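Visitor: Sequence:
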Amino acid sequence: YHFTTLTPILGVVDLDGAGGFVMADIPGLIEGAAEGLGLGHEFLAHIERTKVLIHVVDASGSEGRDPIEDIIAINKELAGYNVDLTKKRQIIAANKMDLVPGEEMEDPEFNPVTRIRAYLDSTDPDVEIYPISAATGQGIRELLYHVSDILASLPKEVRIYEQEFNPEEELADEDVPFTIERDPKTGEYHVEGPRIEKMLGYTNLETEKGFLFLQKFIEDNGIVKMLRDAGCKEGDTVRMYGHAFDFYE
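According to the numbering used here, the residues represented by the sequence shown are 7 to 255, in order.
Among the clues, some could well be false.
[Said to hold, decoys possible] Below, in silico cross-link-like pairs of lysine-lysine (DSS-like), each with a Cα-Cα straight-line distance of 30 Å or less:
1. Lys162 <-> Lys94
2. Lys93 <-> Lys57
3. Lys231 <-> Lys204
4. Lys162 <-> Lys93
5. Lys57 <-> Lys94
6. Lys204 <-> Lys222
7. Lys222 <-> Lys239
8. Lys162 <-> Lys57
9. Lys231 <-> Lys191
10. Lys82 <-> Lys191
11. Lys204 <-> Lys162
12. Lys204 <-> Lys57
13. Lys94 <-> Lys82
14. Lys204 <-> Lys215
15. Lys204 <-> Lys82
16. Lys215 <-> Lys191
17. Lys82 <-> Lys93
18. Lys82 <-> Lys57
19. Lys231 <-> Lys162
20. Lys231 <-> Lys215
21. Lys204 <-> Lys191
[As the list claims (entries may be wrong)] Pairwise CB distance ranges (calculated):
22. Leu211 <-> Val28: 26 to 32 Å
23. Leu211 <-> Asp189: 49 to 55 Å
24. Asp90 <-> Pro114: 33 to 39 Å
25. Gly86 <-> Arg201: 31 to 37 Å
26. Phe223 <-> Ile146: 19 to 25 Å
27. Arg71 <-> Lys162: 47 to 53 Å
28. Asn88 <-> Tyr247: 42 to 48 Å
29. Arg188 <-> Asn88: 20 to 26 Å
FYI, nobody ran anything at the bench for these hints, they're computed from the structure.
These numbers come from a predicted model, not from an experiment.
Note that the Cβ used here is the ideal one computed from N, Cα and C, for glycine as well.
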């Protein structure tokens, strides 16, 4: 899935017989994040508040990505923003192990865990690697208990952060109306607005449930009527923050 969340998602990890902790799902970084590309600075500022970093990489290479290249790119952005971020305790979660072919697992040259371990041994031997599968649950329990042990061993510290949330500005966004503009060159209709941008950030349109949620959202918020009033006809293309849809009555 090539989209990412627009804001960090917080969750509490509750473990039997061990201390729980708060985990933040930080949106994926793009190259140039340290220079402010995308929402880079905002994401990196959130990372400053964490004690342990878990890099989730695609060990299977199922989408043509190299996990080692991803590790290098992520750490480059961390160092570019604040070198202290690279000093935080790090763990590599080698995800999608269920998709790695058996013959690759048996060959040290192609085994992704062996390859990543060899790279880490040459750059930062203290970084640990946990083979996991979010789909099957493989290795998740072991990883979470290990993180709990690490956090329990770290010294407690109190840090005061600058307020990032401005209620007046944030709540004002909720009342900003949607805008619809027609591109005279392509004939396409562009729908924009803070609420729909936020909604698309946390909705997976690759699933039936997510797409139905989008349809209900645009209907309930009067966007369909606004498109009709703007002259949008059946078969016209409607774009919303990188997503394209055909308009049908």
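Visitor: Just to be careful, I want the Cα atoms of Lys204 and Lys222 compared with a cutoff of 30 Å; is the pair within it?
Guide: Distance ~15 Å between Lys204 and Lys222 Cα, so the pair holds.
Visitor: Does the structure keep Lys94 and Lys82 at a Cα separation of 30 Å or less?
Guide: holds (14 Å)
Visitor: When you check the alpha-carbon spacing of Lys215 and Lys191, does it fall within 30 Å?
Guide: violated (34 Å)
Visitor: Below or equal to 30 Å on CA atoms is what counts here, so check Lys222 against Lys239.
Guide: holds (19 Å)
Visitor: Below or equal to 30 Å on CA atoms is what counts here, so check Lys204 against Lys57.
Guide: Answer holds: Lys204 to Lys57 is near 27 Å, not above 30 Å.
Visitor: Indicate whether the distance between the beta carbons of Asn88 and Tyr247 respects the range 42 to 48 Å.
Guide: Between Asn88 and Tyr247, where Cβ atoms are some 29 Å apart, the hint is violated.
Visitor: For the pair supplied as a hint, Lys204 and Lys82, confirm whether the alpha-carbon distance does not exceed 30 Å.
Guide: This hinted pair holds, its Cα atoms lying about 28 Å apart.
Visitor: Mind checking the alpha carbons of Lys162 and Lys93 for me, to see if they're no more than 30 Å apart?
Guide: Distance of about 17 Å is within 30 Å: holds.
Visitor: CA of Lys93 to CA of Lys57, is that 30 Å or under?
Guide: holds (10 Å)
Visitor: If you draw a straight line from the CA of Lys204 to the CA of Lys215, is it 30 Å or shorter?
Guide: holds (17 Å)
Visitor: Does Lys162 lie within 30 Å of Lys204 when you go C-alpha to C-alpha?
Guide: violated (34 Å)
Visitor: Determine whether the Cβ-Cβ distance between Arg188 and Asn88 falls within the hinted range of 20 to 26 Å.
Guide: Given a distance of about 44 Å, which is not inside 20 to 26 Å, the answer is violated.
Of the numbered hints given earlier, the model fails hints 10, 11, 16, 19, 23, 26, 27, 28, 29; all others are met.
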